[in-house]
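*Asks:* Generate the whole structure from the sequences, applying the supplied hints.
Chain by chain, the residues:
2 protein chains.
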Amino acid sequence: MSLLTDLEWRYATKKMNGKKIPQEKLDYILEAARLAPSSSGLQQYKVIVISDSALLERIRLVAYDQSQITDCSHLLVFAAWDGYTDERISNVFNYIMDERGLPHETMDGYKQVILDLYERSGQEWQAHHAAKQSYISFAMAIAAAAEQKVDATPIEGFLSEKLDELLNLKGSGYKSTVILPLGYRESEQDWLVNMKKVRTPKSMFITEMTMADASTDVDLPAPMNLDSFVQK
Amino acid sequence: MSLLTDLEWRYATKKMNGKKIPQEKLDYILEAARLAPSSSGLQQYKVIVISDSALLERIRLVAYDQSQITDCSHLLVFAAWDGYTDERISNVFNYIMDERGLPHETMDGYKQVILDLYERSGQEWQAHHAAKQSYISFAMAIAAAAEQKVDATPIEGFLSEKLDELLNLKGSGYKSTVILPLGYRESEQDWLVNMKKVRTPKSMFITEMTMADASTDVDLPAPMNLDSFVQK
Chain Y
813 MSLLTDLEWR YATKKMNGKK IPQEKLDYIL EAARLAPSSS GLQQYKVIVI
863 SDSALLERIR LVAYDQSQIT DCSHLLVFAA WDGYTDERIS NVFNYIMDER
913 GLPHETMDGY KQVILDLYER SGQEWQAHHA AKQSYISFAM AIAAAAEQKV
963 DATPIEGFLS EKLDELLNLK GSGYKSTVIL PLGYRESEQD WLVNMKKVRT
1013 PKSMFITEMT MADASTDVDL PAPMNLDSFV QK
Chain G
813 MSLLTDLEWR YATKKMNGKK IPQEKLDYIL EAARLAPSSS GLQQYKVIVI
863 SDSALLERIR LVAYDQSQIT DCSHLLVFAA WDGYTDERIS NVFNYIMDER
913 GLPHETMDGY KQVILDLYER SGQEWQAHHA AKQSYISFAM AIAAAAEQKV
963 DATPIEGFLS EKLDELLNLK GSGYKSTVIL PLGYRESEQD WLVNMKKVRT
1013 PKSMFITEMT MADASTDVDL PAPMNLDSFV QK
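Sequence order for the protein chains is Y and G.
Using my numbering, read the first sequence as starting at 813 and increasing by one per residue.
Using my numbering, read the second sequence as starting at 813 and increasing by one per residue.
Derived by calculation from the structure, the hints in this document are not laboratory data.
Be careful, since some hints might not be right.
Pairs count within a copy or across copies, as identical chains cannot be separated in the list.
Unchecked claim - Dumping the calculated DSBU-like pairs for lysine-lysine here, alpha-carbon to alpha-carbon at most 30 Å:
| id | residue 1 | residue 2 |
| --- | --- | --- |
| 1 | 1009 | 1044 |
| 2 | 923 | 1009 |
| 3 | 974 | 832 |
| 4 | 826 | 974 |
| 5 | 837 | 961 |
| 6 | 974 | 923 |
| 7 | 837 | 1044 |
| 8 | 923 | 837 |
| 9 | 982 | 961 |
| 10 | 826 | 1009 |
| 11 | 1009 | 961 |
| 12 | 961 | 1014 |
| 13 | 923 | 832 |
| 14 | 827 | 1044 |
| 15 | 837 | 1008 |
| 16 | 1008 | 826 |
| 17 | 982 | 1014 |
| 18 | 974 | 827 |
| 19 | 1044 | 923 |
| 20 | 1009 | 974 |
| 21 | 1009 | 827 |
| 22 | 1009 | 837 |
| 23 | 961 | 826 |
*Replies:* Pasting the structure below:
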């Protein structure tokens, strides 16, 4: 099997059958999410795993009554940092340096560059930026689930503020970004399962571009190399 | 091989050797990006493919002088919608309905619900929202490249406004979101290649939550089902 075959196989499952997925498949999917790359390696997100039916019933109420929330085996809630601080970034960088046997100072210059950038961009931008990283992890979980022949429904349709309240995320520094019920399809009751998978045609999705298509009229800055801020 | 093995193998390649990747591998990676799921199936992004060295030289100037931009085989530029309009959404939904042999009206109710939501959220939120979808596609391209043993460097470190000018994206309705050079590592000159891959430990990355951890004090809304707005 290959990733392309897996992506052809998967679809946003509309009806699940309540069956449980094996623990090793759940672990596999979570590990793919954990191995995902993120901006500056910060992994500015985490995953909350929920299988308690009473809690899933309540989450369904803040997720437009989608049946997969209660018919899934496990619900993954991706939650990202609500902003960047020196402390949060230092904690991650220091851990990475410890694991690599390097001094903490290695990252000081680089950290200052990104902190300045984040500060200039404001808290709302920061939350969106952290959330974007969680989408990479979310995508790896989707790909891993498909590889394991586990159905999954990528869901943005939920009231994130309400979910944050429900999961006591308020004040934790994390905000929910996307959710992913994992389970098995109930094909007979799923209106989408037999519909054709439709994607933008290649000719519209992919554009090749050469210098002839580019603007020659752009005021280009003097080169600055970010890597030079990492002490090597 | 498996996705987990591929994710362990890959790393943000810091130095590439300029060798070209075979066309079939490029096509495979682009197809994975194209098959990625997106919010409401809108695929509110596209991929620009660049291998023209003169253009790559100019892009490197707006991407913090990162050598992978010019030493790669192909550079993928992901670009997402800068906002949502009735026309943009209708074009996609109509195409999907045509492909499925369903009347355009099938999606009218649902379209109105999401348009209202997007309008309330404002243009900046809309651009972030579309960009987030492009990160799912970006992640699938990263996973596909690793599967094909093609090196790739996920890059956010570039001046997106300048890149948009350079690629004549201004006024096109698209904004660049992330870029991905594809190629092959030059291990001897790559400071990262032999560093340990470090990720947040499982115990911190994954939280299990039950009703006991949840707030019982949340004012929950009356259930509303979004799917009910799709005529079936």
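*Asks:* Tell me the hint numbers this structure goes against, listed in increasing order.
*Replies:* 7, 8, 9, 13, 20
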